[in-house]
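Peer 1: Protein sequence lines correspond, in order, to chains A and B.
Okay, so the first sequence: first residue is 1 according to my numbering, each after it adds one.
Okay, so the second sequence: first residue is 1 according to my numbering, each after it adds one.
Any given hint could be a false lead.
In silico contact screen, one side only, chain A against chain B (beta carbon under 10 Å); selected entries [to be verified]:
id, residue
1, Ile39
2, Leu44
3, Gln69
4, Val73
5, Lys88
6, Phe129
7, Met142
8, Asp169
9, Gln172
10, Ala173
11, Asn176
12, Gln186
13, Arg189
Please keep in mind that the hints were generated in silico from the structure rather than gathered at the bench.
The beta-carbon is built from N, C-alpha and C at its ideal position, and this holds for glycine as well.
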Amino acid sequence: LKSKLVKLIFVKVYFYSPKILMSEKHIVELIKSNHDPTIQSVYLKNKLPFFKIANGYKIPNEVALDIYQDSIVALIENVRKGKVDDLKSSINTYLLAIGKFMIFKYLKSKKYVDLDSVKIENIEGLDAFSVENESLNLRELMLKKAYESLGEQCKKILNLFYFENKKLDDIQAILNYENKDVLKSQKSRCISHLKKIIKEK
Amino acid sequence: MNELIAKYFENTLSDTDKVLFEKQILEDDTFKSEFEFQKELQKSIQVSERQKIKSSLQQFEKPKVIMFNLKRLYPYVAILVLFFSLWIIFKNDSNTQDLYTEYFSMYPNVVEPISRSSNEKSLKQEAFENYELGNYNKALFDFEVLKTSNESDRDIINIYKANIYLYSKNPEKAIIILKENLEESNEWMDKNLWYLSLAYLKLGNSKKAKETLLLLSKETNNFKKQETLSLLNSLK
Numbered sequence: 001l002k003s004k005l006v007k008l009i010f011v012k013v014y015f016y017s018p019k020i021l022m023s024e025k026h027i028v029e030l031i032k033s034n035h036d037p038t039i040q041s042v043y044l045k046n047k048l049p050f051f052k053i054a055n056g057y058k059i060p061n062e063v064a065l066d067i068y069q070d071s072i073v074a075l076i077e078n079v080r081k082g083k084v085d086d087l088k089s090s091i092n093t094y095l096l097a098i099g100k101f102m103i104f105k106y107l108k109s110k111k112y113v114d115l116d117s118v119k120i121e122n123i124e125g126l127d128a129f130s131v132e133n134e135s136l137n138l139r140e141l142m143l144k145k146a147y148e149s150l151g152e153q154c155k156k157i158l159n160l161f162y163f164e165n166k167k168l169d170d171i172q173a174i175l176n177y178e179n180k181d182v183l184k185s186q187k188s189r190c191i192s193h194l195k196k197i198i199k200e201k
Numbered sequence: 001m002n003e004l005i006a007k008y009f010e011n012t013l014s015d016t017d018k019v020l021f022e023k024q025i026l027e028d029d030t031f032k033s034e035f036e037f038q039k040e041l042q043k044s045i046q047v048s049e050r051q052k053i054k055s056s057l058q059q060f061e062k063p064k065v066i067m068f069n070l071k072r073l074y075p076y077v078a079i080l081v082l083f084f085s086l087w088i089i090f091k092n093d094s095n096t097q098d099l100y101t102e103y104f105s106m107y108p109n110v111v112e113p114i115s116r117s118s119n120e121k122s123l124k125q126e127a128f129e130n131y132e133l134g135n136y137n138k139a140l141f142d143f144e145v146l147k148t149s150n151e152s153d154r155d156i157i158n159i160y161k162a163n164i165y166l167y168s169k170n171p172e173k174a175i176i177i178l179k180e181n182l183e184e185s186n187e188w189m190d191k192n193l194w195y196l197s198l199a200y201l202k203l204g205n206s207k208k209a210k211e212t213l214l215l216l217s218k219e220t221n222n223f224k225k226q227e228t229l230s231l232l233n234s235l236k
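This is chain A alone, in the form it adopts within the complex (with noise of 0.2 Å):
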């Protein structure tokens, strides 16, 4: 109860008074542990901003939303796999640099600029970062829907190993299970779950 309303409190702070500085580290642990008002939150701050850059290089206004929102799932994934834990500058600015990476990956594909001649940061992971199913191969796609098809305990353990990059060990002590083993095991028999699935197909 007390942590739910610490949690509470920040969220209130800075949701209501932006001037008010919530620490960034907070930010990015309730982002980790997925909380819906703080992403909002994020998610509604920064759009305006990201909006005038975008606007700059004349983006219509649907692609510009969409690059948006893979910047913001770019953001939350980096979150999750712990790459924010030592932020130097705001979440803000994180994100706003993704955001610009984003919109110049962008205009790169459509060739309207030479991504190698501009300066502009690099950011880890971001490269052949996609959100469509059409950066999937045929095998891919039958794996997606497979790993869709999992139950919820299987998906976990997956979600944590190839989404967050958890080491065993953690996801063990996250997921509450007895030893390594136990946790190798059923990790296994979730693959060849997969494996099945595809099989049939």
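Since the structure of chain A is already known, use the hints to place chain B on it.
Peer 2: Chain B alone, transformed into the frame defined by chain A:
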């Protein structure tokens, strides 16, 4: 075999592990295909999870549906109901009070007109003189004495007493007296009913006032025929 691949994804391969890993990839086809499978799996999971996050973000863009959270509305509803009922009460109240002041006038002394000539005044004369002159406390006392000695005038004396009570803003007492009168006899029916209805009006009980007025309107002998109808109309 799986240990090495797991370490790869955990990013915990030591330098010797790395050498071993490279070797396995080149020499062991099963190892290679297992590794490639897990790489593909990772890519699919990434896209799947990203899409999940993105669709949750898209909720923020949807126009906000105003949720009628009933529990949230309770205090406002309570306040509204309170004000509404207060308004009804005061409206009603001020209405009945206004009507009362508009319609109430003391019943004139028709029993013992003041005569200047007579030196010796009877108690009855004195009582009504006090009444007419507005010495209501004295009049009330005289009436009280008169009532015990003069049974026949009891009804009319009661009406005057009720008038004094109404004048001194004591409609409850007036009601008791007038009701008593109505039970005892049919004399002075119209006066009894008229002042009873005004007493109810003074109390803010427009329902009872209306009932009484309706009874009165059926009386053939009514000293306030016109007023009865117009007051009834105003109370509707």
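Peer 1: Was the hint right that A/Arg189 lines chain B, CB cutoff 10 Å?
Peer 2: violated (13 Å)
Peer 1: Against chain B, with CB atoms and a cut of 10 Å, does the hint on A/Gln69 hold up?
Peer 2: holds (5 Å)
Peer 1: Would the hint on A/Val73 stand, with a C-beta cut-off of 10 Å toward chain B?
Peer 2: holds (5 Å)
Peer 1: Minimum Cβ distance from A/Asn176 to chain B below 10 Å?
Peer 2: Violated: closest Cβ of chain B sits about 19 Å from A/Asn176, beyond 10 Å.
Peer 1: For the hint on A/Met142, just tell me whether its beta-carbon gets within less than 10 Å of chain B.
Peer 2: holds (8 Å)
Peer 1: How about A/Gln186: closest beta carbon in chain B under 10 Å, or not?
Peer 2: violated (13 Å)
Peer 1: Do the numbers back the hint for A/Asp169, that is, is its least Cβ distance to chain B under 10 Å?
Peer 2: holds (9 Å)
Peer 1: Taking the closest Cβ pair, is A/Lys88 under 10 Å from chain B?
Peer 2: violated (22 Å)
Peer 1: Is the interface hint for A/Leu44 satisfied, with its Cβ closer than 10 Å to some Cβ of chain B?
Peer 2: holds (7 Å)
Peer 1: Tell me if A/Ile39 is really an interface residue toward chain B, meaning its C-beta lies closer than 10 Å to one of theirs.
Peer 2: Since the shortest Cβ distance to chain B is 8 Å, the answer is holds.
Peer 1: Do the numbers back the hint for A/Phe129, that is, is its least Cβ distance to chain B under 10 Å?
Peer 2: holds (8 Å)
Peer 1: Taking 10 Å as the limit, does the beta-carbon of A/Gln172 come near enough to a beta-carbon in chain B?
Peer 2: violated (12 Å)
Hint compliance for this structure: hints 5, 9, 10, 11, 12, 13 are not met, and every other hint is.
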